[in-house]
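Please put together the full structure from these sequences, using the hints given.
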Amino acid sequence: MASRLQRQMPANEPRATQLDPQRVPTTPRRWYVRLPRDLGTWGPVFAFVVVIVVFGTWKPSIFLSRENILSILNDNAVLSVLACGLTVVLLTGEFDLSIGSAMTLAGVLSAGFVANAHLATPLAVLLTLLIGLIIGWVNGVLVFYLRVNALIATLAVGSILEGFTLFYTGGRVIYQGIPDSYIQIGRASIGAVSAPIFYMVVAGFILWAMLKYTMPGRYLHAIGGNRDAARLSGIRVGRYVIMAFMISGLCAAIAGIVQTGRNGSAEPTGGASFLLPAFAAAFLGAATLRRGEFHIVGTLIGVYLIASATSGFFILGAPFYTEEFISGGLLIAATATSRFLSAGRPAKLPPLVSQAPAATARPQGRPDQNSTSSMPP
Amino acid sequence: MGIGAAAGTSGIAQQPPILEFREVTKAFSGQVAVDAVSFSVHAGEVHALVGENGAGKTTLIKVLAGEHTPDAGEILLDGQPLAIRHPWQATEHGLGFIHQEPALVPSLSVTENVTLGLDLMMRRLGLIDWRRQHQLVRRALEQVGLQIDPRVRVSDLGVADRQLVAVARIMLLKAPRIVVFDEVTAPLTALEVDRLFRIVRDLRGRGVAVIYISHRLEEIFTVADRVTVMRNGRWVATEPVAALDQPSLIRLIIGHERERLQNSVNLESTANRRPLVSAHGLEDELLRDVSLDLYEGEILGIAGLTGAGRTNVLEILFGARAPVAGHVYYQGERVRFRHPADAISRGFAMITEDRKRDGLVPSFPLWQHITLPSLKDFSSAGLLRLGRERRAARDAAMRFDVRAWSIQTAMRDLSGGNQQKAILARWLSRRLRVLLLDEPTHGVDIGAKEQIYRIIRQVAAEGVGVIVVSSELEELEILCSRVLLLSRGGIIGELTPPNITKPYILAGLFGQPTSEADAS
Numbered sequence: 001m002a003s004r005l006q007r008q009m010p011a012n013e014p015r016a017t018q019l020d021p022q023r024v025p026t027t028p029r030r031w032y033v034r035l036p037r038d039l040g041t042w043g044p045v046f047a048f049v050v051v052i053v054v055f056g057t058w059k060p061s062i063f064l065s066r067e068n069i070l071s072i073l074n075d076n077a078v079l080s081v082l083a084c085g086l087t088v089v090l091l092t093g094e095f096d097l098s099i100g101s102a103m104t105l106a107g108v109l110s111a112g113f114v115a116n117a118h119l120a121t122p123l124a125v126l127l128t129l130l131i132g133l134i135i136g137w138v139n140g141v142l143v144f145y146l147r148v149n150a151l152i153a154t155l156a157v158g159s160i161l162e163g164f165t166l167f168y169t170g171g172r173v174i175y176q177g178i179p180d181s182y183i184q185i186g187r188a189s190i191g192a193v194s195a196p197i198f199y200m201v202v203a204g205f206i207l208w209a210m211l212k213y214t215m216p217g218r219y220l221h222a223i224g225g226n227r228d229a230a231r232l233s234g235i236r237v238g239r240y241v242i243m244a245f246m247i248s249g250l251c252a253a254i255a256g257i258v259q260t261g262r263n264g265s266a267e268p269t270g271g272a273s274f275l276l277p278a279f280a281a282a283f284l285g286a287a288t289l290r291r292g293e294f295h296i297v298g299t300l301i302g303v304y305l306i307a308s309a310t311s312g313f314f315i316l317g318a319p320f321y322t323e324e325f326i327s328g329g330l331l332i333a334a335t336a337t338s339r340f341l342s343a344g345r346p347a348k349l350p351p352l353v354s355q356a357p358a359a360t361a362r363p364q365g366r367p368d369q370n371s372t373s374s375m376p377p
Numbered sequence: 001m002g003i004g005a006a007a008g009t010s011g012i013a014q015q016p017p018i019l020e021f022r023e024v025t026k027a028f029s030g031q032v033a034v035d036a037v038s039f040s041v042h043a044g045e046v047h048a049l050v051g052e053n054g055a056g057k058t059t060l061i062k063v064l065a066g067e068h069t070p071d072a073g074e075i076l077l078d079g080q081p082l083a084i085r086h087p088w089q090a091t092e093h094g095l096g097f098i099h100q101e102p103a104l105v106p107s108l109s110v111t112e113n114v115t116l117g118l119d120l121m122m123r124r125l126g127l128i129d130w131r132r133q134h135q136l137v138r139r140a141l142e143q144v145g146l147q148i149d150p151r152v153r154v155s156d157l158g159v160a161d162r163q164l165v166a167v168a169r170i171m172l173l174k175a176p177r178i179v180v181f182d183e184v185t186a187p188l189t190a191l192e193v194d195r196l197f198r199i200v201r202d203l204r205g206r207g208v209a210v211i212y213i214s215h216r217l218e219e220i221f222t223v224a225d226r227v228t229v230m231r232n233g234r235w236v237a238t239e240p241v242a243a244l245d246q247p248s249l250i251r252l253i254i255g256h257e258r259e260r261l262q263n264s265v266n267l268e269s270t271a272n273r274r275p276l277v278s279a280h281g282l283e284d285e286l287l288r289d290v291s292l293d294l295y296e297g298e299i300l301g302i303a304g305l306t307g308a309g310r311t312n313v314l315e316i317l318f319g320a321r322a323p324v325a326g327h328v329y330y331q332g333e334r335v336r337f338r339h340p341a342d343a344i345s346r347g348f349a350m351i352t353e354d355r356k357r358d359g360l361v362p363s364f365p366l367w368q369h370i371t372l373p374s375l376k377d378f379s380s381a382g383l384l385r386l387g388r389e390r391r392a393a394r395d396a397a398m399r400f401d402v403r404a405w406s407i408q409t410a411m412r413d414l415s416g417g418n419q420q421k422a423i424l425a426r427w428l429s430r431r432l433r434v435l436l437l438d439e440p441t442h443g444v445d446i447g448a449k450e451q452i453y454r455i456i457r458q459v460a461a462e463g464v465g466v467i468v469v470s471s472e473l474e475e476l477e478i479l480c481s482r483v484l485l486l487s488r489g490g491i492i493g494e495l496t497p498p499n500i501t502k503p504y505i506l507a508g509l510f511g512q513p514t515s516e517a518d519a520s
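Chains A and B supply the protein sequences, listed in that same order.
Heads up: the first sequence begins at 1 in this note's numbering, then just goes up one per residue.
Heads up: the second sequence begins at 1 in this note's numbering, then just goes up one per residue.
Please note: incorrect hints may appear among the correct ones.
[Said to hold, decoys possible] Distance ranges between label pairs, derived from CB positions:
1. A/F320 - B/H86: 50 to 60 Å
2. B/Q80 - A/G238: 53 to 63 Å
3. A/R147 - B/R412: 23 to 33 Å
4. A/N149 - B/V152: 44 to 54 Å
5. A/S273 - B/L127: 45 to 55 Å
6. B/H86 - A/G329: 37 to 47 Å
7. B/G416 - A/P122: 56 to 66 Å
8. A/G329 - B/R412: 30 to 40 Å
9. B/G443 - A/G329: 37 to 47 Å
10. B/R198 - A/R147: 38 to 48 Å
11. A/F167 - B/M122: 51 to 61 Å
12. B/L191 - A/S159: 43 to 53 Å
Since the hints were made in silico from the structure, they are not lab data.
Model, not experiment: these values are computed from the prediction.
Ideal placement from N, C-alpha and C gives every residue a C-beta, glycine not left out.
Written out as structure tokens, the structure is:
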């Protein structure tokens, strides 16, 4: 009785369509079938290619030089780590405005640990990462269990963290007494790959794999898709929302530590300038390749689309404030075009045989779509 | 038709009607909701409109309110075609609507709500004179017998008071001519219902035509002068209430059904068996002392009007809602489910009424949706085996005949019936002991309905205990081996075969005591 129940539709029942295995294929429709309706979501990728081709042909010797490429990658690696952590929170339908302040605090605390408290570098790093996790946990508890709106909760937590940073530093930059072992966290390199790029690749890969190949990752998607349905499917939503905030806090702590290492000093306002670019990249990423869903690859594309366009304009001699214009302009362009293009297409492809009443066997399907799909006719 | 039927029997009918529906027809995507309905309403009468859920009453009223444009036919007010394109036009014509869920702004005060959109601003020096404004509203509240401060926010009021605030709003209409009460009494207590009836009679005395919609037939007999019955979108009869008694009205409402003997329930006695699940004295804001037993292999129906607390019972059993009092036992052992996950791990499954709201993740592809509650089975060393997961999902989709382009199709792109089958598939491919179904065929086409019934029967035949909550009485008639009648949060009766039929269920729910309905 309690064994796994195998149920079959009674065999003697007349059915409109005997579903043969090919009717419900495991493979998605071919890319050329999906392309028209997915076109809107390819905008940022397309823009990325355009940026590279245009600047690459205009100033190939500078823009496509090894130094420039590595410097773009390296300069935005910290932002990428921060934005990837943020992506996980955004995916669940929440918000984290505290990441900038958390990053700053992590930077000054870890610097303080090694410079003032003379802790060993690994210990200082571990402690700081732990603090990042705690910040995320507090955010998660406030948002889920105390039901404070995420915008308000994380804004408030961010403000408190800033206050804490100023209290700890007295508003001064920490630059004396930071040992070389700490500086190396931000400046070491393996061949051409600098440490920040390495962290970005590792963090990005782990988060990407977590979201795609693990149970918690799937649960986070479900929570973002429909929280009530997720709960009624047996997902303990609170646990995973808190986990998402902790991932975000951890990434902010990593970003703060690495940034301090790169600079060789910790500024009490260092992270603030990272907050909005991280959001811009994540939102740009949500309009990329998938319709309105936050994902790690999209976020990384977002970061580097803005970065490479900015770099190109700088090479052409654009002034320093160009970056902000590009970032804002691209964000509007990408989200608007993806909305506009997918609105023009049928958002719903009718299922092949869904409407056919069970009792009548009438010819199903729409030949035009059928022939281009991956399903055998 | 309707006019003719009423004309000879009613004195008021000698005057021309104030409101006349002529062949009003409205269809939604091919489904005819209101089919050539004609009848007329006179000034100074209380005209009841009755019918089962889905008979088309609400749609008809929405056509009157201008929320829907009729596909054919017209509505005449004082012999003039009435074309309302916007709610404020209804107000100008003297039409007032009071719905089951009063349309109030919770964050505003009573005064602001009552006068909202009525163009009744008392001004002084170009500013609102709140003192006079409150006075005006206080008078309106007195008329409906509501003694509250008009300055309190509507969100601080109880459901019944809100309902009366909505009524007070009608009192301030410049010249109310037609007032529609749509299922207003559902949340009201007997005392409040009496007060409401006084208002209805008062309106009638002032020459207003009242259209009164209710499921509670005893209210119709108390307050209405004439009654129009609708069934399956069609007009059935318009009769003076005095010419009817309750059984004859019920017959008009449900029609003369052909004999259906599809209920293939096994009539094995439940007396000697131990219940699989039992609930004792469940209480929450809606439920009063609800106890029930569910046996293995049984399909237990719960019938009740909207708002009776049917969903609450299922949610408590599933751990999705905490009862204020009462215990749940599973296989004789007391269980406290704090989260649906606890219930699911014991072999419970629940399918909710509103798929869009809490039944499915619209962005999820079919395969991920099917495997969502069973992901543990596809996880090894912390990683999901996507290939195995997809194959299992595909098998389940095929077994339950989910029709989709591919298992990658997003849930939102499936039809209602296929969404429901996908939801069944996700639960039934698991180890299952108790299946809780809330309106399992809500918004599902006929073909899929039959398939879903077949699946439910098969599940029960395998020993699973099934509870079905449904507003479609045929559904209970066809499926259930026992039906509990739930009314206003309490179980008022139990039906067993051969008495699980629409007339018995309706008679029980509408409070007509029959020996069978009292059998519990």
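Verification of the hints:
no., hint, in the structure
1, A/F320 - B/H86: 50 to 60 Å, "54 Å, holds"
2, B/Q80 - A/G238: 53 to 63 Å, "59 Å, holds"
3, A/R147 - B/R412: 23 to 33 Å, "28 Å, holds"
4, A/N149 - B/V152: 44 to 54 Å, "26 Å, violated"
5, A/S273 - B/L127: 45 to 55 Å, "47 Å, holds"
6, B/H86 - A/G329: 37 to 47 Å, "40 Å, holds"
7, B/G416 - A/P122: 56 to 66 Å, "57 Å, holds"
8, A/G329 - B/R412: 30 to 40 Å, "31 Å, holds"
9, B/G443 - A/G329: 37 to 47 Å, "44 Å, holds"
10, B/R198 - A/R147: 38 to 48 Å, "42 Å, holds"
11, A/F167 - B/M122: 51 to 61 Å, "55 Å, holds"
12, B/L191 - A/S159: 43 to 53 Å, "52 Å, holds"
The structure is inconsistent with hint 4 alone, although it conforms to all the rest.
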